Structure formats: C-alpha cells, structure tokens
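Peer 1: Chains A and B are the protein sequences, given in the same order.
Numbering follows the numbering used here, with no gaps: position 399 of the first sequence is 399.
Quick note: to get the numbering used here, add 1000 to the position in the second sequence (first position is 1).
One or more hints might be untrue.
[As the list claims (entries may be wrong)] With a cut-off of at most 20 Å between alpha-carbon atoms, the simulated DMTMM-like pairs for lysine to aspartate or glutamate come out as follows:
(1) Lys356(A) to Glu415(A)
(2) Lys356(A) to Glu379(A)
(3) Lys466(A) to Glu450(A)
(4) Lys99(A) to Glu1089(B)
(5) Lys1112(B) to Asp345(A)
(6) Lys4(A) to Glu23(A)
(7) Lys1112(B) to Asp135(A)
(8) Lys237(A) to Glu187(A)
(9) Lys116(A) to Asp135(A)
(10) Lys1112(B) to Glu71(A)
(11) Lys1112(B) to Asp371(A)
(12) Lys166(A) to Glu149(A)
(13) Lys266(A) to Glu277(A)
(14) Lys455(A) to Asp345(A)
(15) Lys237(A) to Asp371(A)
Source of the hints: derived by calculation from the structure; they are not laboratory data.
Computed from a prediction, not measured in an experiment: that's the story for all the values here.
Spelled out from the first residue to the last, the chains are:
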Amino acid sequence: MFRKVLVANRGEIALRVIRACKELDVRTVAVYSEADNDSMHVQLADEAICIGPGPSSESYLRPNRIISAAEIANVDAIHPGYGFLSENAEFAEICASCKIKFIGPSAETISLMGDKNSARATAKAAGVPVTPGSDGIVPDIKAATKIAEEFGYPIMVKATAGGGGKGMRPVYNEASLASGFQAASNEALKAFGNGDCYIEKLVLDPHHIEFQIVADSLGNVIHLGERDCSLQRRNQKIIEECPSPAPMMTDDLRERMGKASVDLVKSIGYENCGTIEYLVDAEGNFYFMEMNTRIQVEHPITEEVHGCDLIKEQIRIAAGEPLSEHVVNSSPRHHAIECRINAEDPYRDFMPSPGKIDLFYAPGGRGVRVDTHVLSGYEVPPYYDSMIAKLIVTGATREIAIARMRRALNEFYIEGIKTTIPFQDAILQTADFRDGKYNISWVENYIAQEAALAKEAKALKKKAKKKKSKRTKGA
Amino acid sequence: MEEKNLTHFKLEREGVKIELRRGMDADAIAAAIARMPMPAYAPAPVAAAPAPAGVAPIAGDAAAAPVAGGPTINCPMVGTFYIASGPDEPPLIKVGDPVDEDTTVCIVEAMKVMNEIKAETRGVIKRVLISDASPVQFGEPLFELE
C-alpha cells in the first residue's frame, strides 16, 4: 500500500479521496490554489502545497507545478479525481516517468479511449454495438440515399470537419434527405472550408445509461451495473439513479450491456475504474457513446447500491492489490438517487451564483449521504464549476428513495446563494419522474413547458388586472 | 399559522407590536453558528523533511518560517529553493544587496530543471526567509526587502 498520496484536485472530490486515504492509513498531500486557501480539503490533508492563483489554468491544470509538489512532498502516487488532469494522457505519462503512480489506467489507454474515433473503432472491434455510421465520407446524394436506406431513418448528416453543432442536420425521411445533406455540407464548407459529410444513425430521444467497470492489474474485470443519467440540462447531468428505472431496462438488457462493457475493457487491458456510456433507445437497442477513463462524479450511487468504496478500490488497485472480495461478490441492493446541488439560480436561466454561504445545514438521517466540502461561512469561488454538494439518498425501494430525497432536499438549508434545490425538488414531483419515464430531452422539454406556463399565467394575470380596473372605473 | 406556513409569532403590548415570520428562522440559526468555535483556518505546512513513522502530524513550524513585515519577493512556482547556482558556488544574493527587475535572486528546482528566479522589483535585500535546499510553494515569501 502507498505511504503517501497527492490529491491533484479540489472541492468535494479532493475531500472524498482524502477520506479514502485516511481509511487506508495513507498520508495525504493536498494541492490548492490561492482561492482555495481555506478549503476543507486543505484543512483535512496531512500536508498542503499552494500551486498557484485562483484560475484553474494557473493552478490545477499545471502538470509541472503538481509534479513539483509531488516531488518535494515525496509522494508515491497521485489521484487525479475527475475533470482537470484526470484524462490527460500527457500528465499520466509524466507521472510514470517520474516514478509516481498515477491512480488510473495507463497513458496509452487514456489516449486510445480519449479520441472519439479510436474509441468507437475499439468498441466495434470488441463487438460492442456502436451507432451505425457510414464507412468514411459519403460522396453524393445517391450514396447517401443508399446508406440511409441501410441504416433506416432517422439519420444524422454530419460534417467530418464539423464541431460545436455546426454542419449537422437530422433527416427523418427520404424526402428531406437531399436538402438536409446539401444544407449540412454547405454550412460546413462555409464554416470550416470542408463540406465532406458522413452519415450516422440518429438515436431518437435516447436514455443515457452508463456502466461502471472495475479492473485490477491481475486481469480481473467486473462490472457493477448501470447508472441512469438521462436527466441532463445542456449536456450537464443533474439527477442520477441506480439502477435505471427506464421501462426497457430489463435484466436481459442489463446482462448484455454488462457483458459488452466487460469485453471491451478486457480487450484493451484496462486497469482501475472506468465508465462506459451508452445511448439506449425505447426498443432497448444500445449503442456505445464513449468511455470515461476515470472515476465519475456520480460514483456514490453505485457505492450505495453495491456496498463498496470505489475510491479505496482505485487506490488498492493502483497499489497492485487484486479486486476486493466484497466488491467481486457484491450484488445490487436497494435504490439510490443523487442530486447535484449547484450554485446556480434555476429561475434566472441557471445563472451562476457565487458568493458567501451564510448558513449551510446538510440533511441527515437514514439513507442520506452528503458529499461536500462546503460549510457555513464558505465563500464559493467564481473560478470553478458550480457544483457545491452531492446529495445521495438510498431507499429499500425506488418509492422510498424518492420520498427520502424530497425530504432531504427540503431539509437542506443553504442561505446566501441560489441553488438548484427547488428545481430538483420540482422534478421529483412530476408524474414522469415517478414513472421512470424520462430521456435525454426530458429536462429541456420540462423547462420549456414551465416557461410557457409561467408566461401564460403572467398574461392571464395582466388580463384580470385590466378587467378589474375597467370595472372599478365604470362603478 | 400552520395554514400559512408561519413558524414565528411574537406580540408586545401597549403600543402593540406584532411580529410574524415564515419558514426557518435563519437569523437565529446564523447567530447560533457565529457563537460556535470556528475550525482553525491555518493551512497545513509543507513537509521540510520526511516524518518518521508513527509520529503525530507535523505541527506548524513557526520557527522555520519568519514572518515578513515589509515588501517581499514571492516564489512564482513550486519546487526546492537554492541560494546558489551549484553546491560549490557562492550565494547569488545576500543581505544588503540591491536588486532590480532582472537580478537573479535564487534558483528554484522543479522537475529536475533549475529555474533562475528574477527579483522583478527594485529594492535592497533585508532578510533571506528560506533556508537553502528547502521546499517552497507558490506565493511563498523568499526574501524580505527594505
């Protein structure tokens, strides 16, 4: 086991890693920016080293400063957390060359699965279904028609040089293929100087379902089931569940997806924890989307359902130990839900709300877990992402978990800044959520719906006011 | 009160003064917290030498880090501080020396690279704050100026 580990991160995940290290009797070194001077992860680490000013680009994203800190503190390993340098192959490479163990997979693996194209090819080679796509550029409408017929509509015409949503057109039937193809191509030519396009099958209103895998350095690979992360706003997850409540998520589908995930991981000799993300349509067809070669934000819901500590497992694996027996033999029990509490105002288009938190009282009681670095008096810095806490709730059944989450959200007192708590509480009360009937588009649709209702209510109010003043005038 | 979610009701007499409040009494809670002992907000120091096994966590080594009163030259990186450019070389700077923007005041070794640290200010060295071959972090005061 390592003697000392440096945590190359901040906020709740840095605290999470420090907690795991303490339980393993490993000394901890925190690195921090000047904006995080008073942060909990700095307080609770055994040693702390300042690595730069507030902005991430000048501190947490500086591999050289982090490695220097690791050297002067004489650590054995570095845990990169999530985000920042956790999927930076170069950083993993530097660690290796400095004889510091990077707690995660190898630099080669990070590179391989980090590139969308090579990841897709790797998945395909391992027999994992990927969204059907044309083999390269589609030269003309004739070829496009043939391919679209093969995949079946709807399809997506995508410019190979495209990015940021440009050069993409969904096509729902043969009649609109010609115009869609032309439009995508022209847009790409104008924006990127290259109008070449390829075609991909469009998965309509998919569910985002991801599988947790764990692999040690001795060839043992297992999966720990799925997490449903379909509730997203602008591609940011806000509520996650384990297991998935989606109607098409049968035991059979779970088994097939689990096997595909393990096969993929085995084929690349992956080591440590990782997550495979899939898109699943209403019929239960699943398609590989991407692989995250690190621990995920929502890992706690898997921990609660499987009775394990994934961060400790990461550290054990990196130290050369085999997978823990209780992890290998675990079977899922109960239902867990996580709400990411962000410092944002849900009634002002989720505008960030940094500033001083005057009062911070986190909920407690049976089946309630709060992962946070925040306390009363804490000043939320403006430099980093807006997540200030993770509220994880576990219940014997999904109904119990939902009631418990509602209870916990309403017991969570955060004064001084705005948070997403009322928004998440509202979602939990909708019929769709209770029935487990939501997909990737659900949150955006809900927001649009609520905005339309609010507008209508405002108009009605105005009308009523006008009517009233007319009446009093006439009296 | 329950109907309107009120949690607090006060009433004074004579001139009458009514006070109604809804929801959690945030002011009272905030006042209670202000009276609680706050955790000590002193960042844990950098280890100067590896601690022997079984020893309690390193206490603040106040003796090793003298507090500077005047202007200081602070470290722009993380690494090991050296006052000379080599083991047999004379110190790059000493107390009483004048410095300008381009004066090399010390070396900070980071990842096997010896970085020359410039003063980037004008002044006269009053005190050397770090002992030779000690670890330094970003922003740490290295020299005090007159």
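Peer 1: For a quick check of understanding: which of the numbered hints are violated here, in increasing order?
Peer 2: The structure conflicts with hints 3, 4, 5, 7, 8, 11 and 12, although it agrees with all the remaining ones.
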